[in-house]
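Student: Given chain Y, put chain B in place with the hints provided.
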Amino acid sequence: AQSVTQPDIHITVSEGASLELRCNYSYGATPYLFWYVQSPGQGLQLLLKYFSGDTLVQGIKGFEAEFKRSQSSFNLRKPSVHWSDAAEYFCAVGEGSTNAGKSTFGDGTTLTVKP
Amino acid sequence: GAGVSQSPRYKVAKRGQDVALRCDPISGHVSLFWYQQALGQGPEFLTYFQNEAQLDKSGLPSDRFFAERPEGSVSTLKIQRTQQEDSAVYLCASSLRGNTIYFGEGSWLTVV
Chain Y
1 AQSVTQPDIH ITVSEGASLE LRCNYSYGAT PYLFWYVQSP GQGLQLLLKY
51 FSGDTLVQGI KGFEAEFKRS QSSFNLRKPS VHWSDAAEYF CAVGEGSTNA
101 GKSTFGDGTT LTVKP
Chain B
1 GAGVSQSPRY KVAKRGQDVA LRCDPISGHV SLFWYQQALG QGPEFLTYFQ
51 NEAQLDKSGL PSDRFFAERP EGSVSTLKIQ RTQQEDSAVY LCASSLRGNT
101 IYFGEGSWLT VV
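Going line by line, the protein sequences match chains Y and B. Here the first sequence stands for residues 1 to 115, numbered as in the working numbering. Here the second sequence stands for residues 1 to 112, numbered as in the working numbering.
Think of the hints as simulated: they come from the structure by calculation, not from any bench. Owing to the predicted nature of the structure, the values given are computational and were not obtained by experimental measurement. Each hint should be verified, as a subset may be incorrect.
As the list claims (entries may be wrong) - Not everything, but these chain Y residues come out facing chain B in the computed CB check (under 7 Å):
hint: 1; residue: G43
hint: 2; residue: G106
hint: 3; residue: G108
Claimed, not checked - Using 30 Å as the maximum straight-line C-alpha spacing, the simulated DSSO-like pairs for lysine-lysine come out as follows:
hint: 4; chain 1: Y; residue 1: K102; chain 2: B; residue 2: K57
hint: 5; chain 1: Y; residue 1: K49; chain 2: B; residue 2: K57
hint: 6; chain 1: Y; residue 1: K49; chain 2: Y; residue 2: K102
hint: 7; chain 1: Y; residue 1: K102; chain 2: Y; residue 2: K61
hint: 8; chain 1: Y; residue 1: K102; chain 2: B; residue 2: K78
hint: 9; chain 1: B; residue 1: K78; chain 2: B; residue 2: K11
hint: 10; chain 1: B; residue 1: K78; chain 2: B; residue 2: K57
hint: 11; chain 1: B; residue 1: K57; chain 2: B; residue 2: K11
hint: 12; chain 1: Y; residue 1: K102; chain 2: B; residue 2: K11
hint: 13; chain 1: Y; residue 1: K49; chain 2: Y; residue 2: K114
hint: 14; chain 1: B; residue 1: K78; chain 2: B; residue 2: K14
hint: 15; chain 1: Y; residue 1: K114; chain 2: Y; residue 2: K61
As the list claims (entries may be wrong) - The following residues of chain B were derived to be distant from chain Y, with all beta-carbon distances above 12 Å:
hint: 16; residue: K11
hint: 17; residue: V12
hint: 18; residue: R15
hint: 19; residue: E44
hint: 20; residue: F65
hint: 21; residue: G72
hint: 22; residue: K78
hint: 23; residue: R81
hint: 24; residue: E85
hint: 25; residue: A93
hint: 26; residue: S94
hint: 27; residue: T100
hint: 28; residue: V111
Ideal Cβ positions, reconstructed from N, Cα and C, are used throughout, including at glycine.
Chain Y extracted, bound-state conformation (with noise of 0.2 Å):
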């Protein structure tokens, strides 16, 4: 069965630094990884997805993330953090490009923004 692992609960950084969230995963076939990120009271929304090809994905908000398939690891970065991404991050792993709704989610970073 596939699981997707978050191995940090909650992160720190100050506003303009960098960032970079952890995501671990383990698929038996290609995986179809996503990142989506949760406001409080909000739904997800999809920050970015990798599905084939190159393996740095760029995503919204200036966020990348890498899939590492040796490692088993799609991390999030972005180089500079802004006080408004302050929020829960989210990876995910989807059973196939064409049913992505069909997801294993980890257990959520909070990301906490110091001014």
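Tutor: Okay, now just chain B, sitting in the frame of chain Y:
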């Protein structure tokens, strides 16, 4: 509509009461998904529709949970005889082609 709309946004139910949660997907979206998100956890898949057909209900936790989408648009998630462990946010999402899904803001259910 402009986005996925869910109602009610907040629901408090007494234990044993039946509840119905509504999801209005983005117009024209074929696929519709329901997720359950417990406090402090990631969303967990419940069920999936393609048009009016329920193709996967493997995530429904018990036979007290039932979902329908009779006309291939609006969907209702029904929970019978609610229990405290049903307290969670219920998220609906829809998709046009299946490779990107759009979530609603969720229905927050508290069972007391």
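Student: Each hint: holds or not?
Tutor: So, going through the hints one by one against the coordinates:
| no. | hint | result |
| --- | --- | --- |
| 1 | G43 | holds, 4 Å |
| 2 | G106 | holds, 5 Å |
| 3 | G108 | holds, 5 Å |
| 4 | K102/Y - K57/B | holds, 11 Å |
| 5 | K49/Y - K57/B | holds, 25 Å |
| 6 | K49/Y - K102/Y | holds, 14 Å |
| 7 | K102/Y - K61/Y | holds, 25 Å |
| 8 | K102/Y - K78/B | holds, 20 Å |
| 9 | K78/B - K11/B | holds, 13 Å |
| 10 | K78/B - K57/B | holds, 13 Å |
| 11 | K57/B - K11/B | holds, 23 Å |
| 12 | K102/Y - K11/B | holds, 26 Å |
| 13 | K49/Y - K114/Y | holds, 28 Å |
| 14 | K78/B - K14/B | holds, 15 Å |
| 15 | K114/Y - K61/Y | holds, 18 Å |
| 16 | K11 | holds, 15 Å |
| 17 | V12 | holds, 16 Å |
| 18 | R15 | holds, 25 Å |
| 19 | E44 | violated, 7 Å |
| 20 | F65 | holds, 16 Å |
| 21 | G72 | holds, 16 Å |
| 22 | K78 | holds, 20 Å |
| 23 | R81 | holds, 27 Å |
| 24 | E85 | holds, 17 Å |
| 25 | A93 | violated, 6 Å |
| 26 | S94 | violated, 8 Å |
| 27 | T100 | violated, 6 Å |
| 28 | V111 | holds, 19 Å |
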